[in-house]
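K.L.:
Sequence:
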Amino acid sequence: PTGWSTSLLSFLKLTSNENFFAMKACFIIASLLAIASTNLAWARTLAETDSAEVALDGRIVGGYTVDITAHPHQVSMRLKDVLTPEESYSHNCGGSIYSTYLVVTAAHCVMGNVASEYQIVAGANEKRSVNGVVVPVKEFIIHEQYNPNIYNNDIALVVLGAPLPINNVTIKAIPLADKPSANGAISVITGWGSLIEGGTSPDLLQEVKVPIVSNE
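Residue numbering for the sequence shown follows my numbering, beginning at 842 and increasing consecutively.
Hints may contain errors.
Mimicking DSS-like on lysine-lysine, the simulated pairs with C-alpha atoms at most 25 Å apart in a straight line are [what the hints assert, rightly or not]:
hint, residue 1, residue 2
1, 1013, 1050
2, 979, 921
3, 968, 1013
4, 968, 1050
5, 979, 968
6, 1020, 1050
7, 921, 968
8, 979, 1013
Because the hints were derived from the structure by calculation, they are not lab data.
Modelling step: build the complete structure from the supplied sequences, incorporating the hints.
P.N.:
In structure tokens:
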């Protein structure tokens, strides 16, 4: 994809057994809505003027509960709680498994944060569950052209400190798009975002279908 550095492409070749360039068209709105967001489901409010900032809203309004086997690529990114016991973590954002050592998420989720304070939980329906597979985070690689004001290129790679045990049932790499999706096409988003405006986020994994909307 345009904008990724040569060093990043080289890194991906070394850390994944899959062909990274098969992802050439996956970083489109359809895939990003499914894999990279606050609680894995964010709503973008785009203003009419070029100077206006984009507001993020971690919601998955109209969603319904699904089992992790319906979306085994889904992971919970959990951040260490500084005001609680040392080993206490809470859900911070969602992400999707790309390979055994790589997860894809939104850049705004990890920008300015310390990778070692995160852990990834895979194979779990509940955002507070400790029954899934827990792996440490080694590094964040943020898109070099990420714009935090308008959220262009809002994507990042999460490099894991241990491999995910892919079983293709509850833990599986996401099948990515191989061509651009049309504006207005229906996509599926999943995560633990709040179901109503101002509401609390659910404990169980949610799914909702939404149309793709261009930010241009």
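K.L.:
Take the hints in turn and mark each one as holding or not.
P.N.:
For each hint, the structure was consulted:
For the suggested pair residue 1013 and residue 1050, the alpha carbons sit about 21 Å apart, so the restraint of at most 25 Å is met. At most 25 Å may separate the alpha-carbon atoms for a hinted pair to count; residue 979 and residue 921 meet this at roughly 14 Å. A distance of roughly 18 Å separates the Cα atoms of residue 968 and residue 1013; the hinted pair therefore holds under the 25 Å criterion. Of the supplied pair hints, the one linking residue 968 and residue 1050 holds, its CA atoms being roughly 20 Å apart against a limit of 25 Å.
A threshold of 25 Å between alpha carbons decides the hint, and for residue 979 with residue 968 the separation of about 21 Å falls inside it, so the pair holds. The straight-line distance between the Cα atoms of residue 1020 and residue 1050 is roughly 19 Å, inside the 25 Å bound, and the hint therefore holds. Proximity of residue 921 to residue 968 is assessed by CA-CA distance (about 14 Å); at most 25 Å being required, the pair is judged to hold. Between residue 979 and residue 1013 the CA atoms are separated by roughly 20 Å; this keeps the pair inside 25 Å, and the hint holds.
This entry satisfies every hint, going by the numbered hints stated previously.
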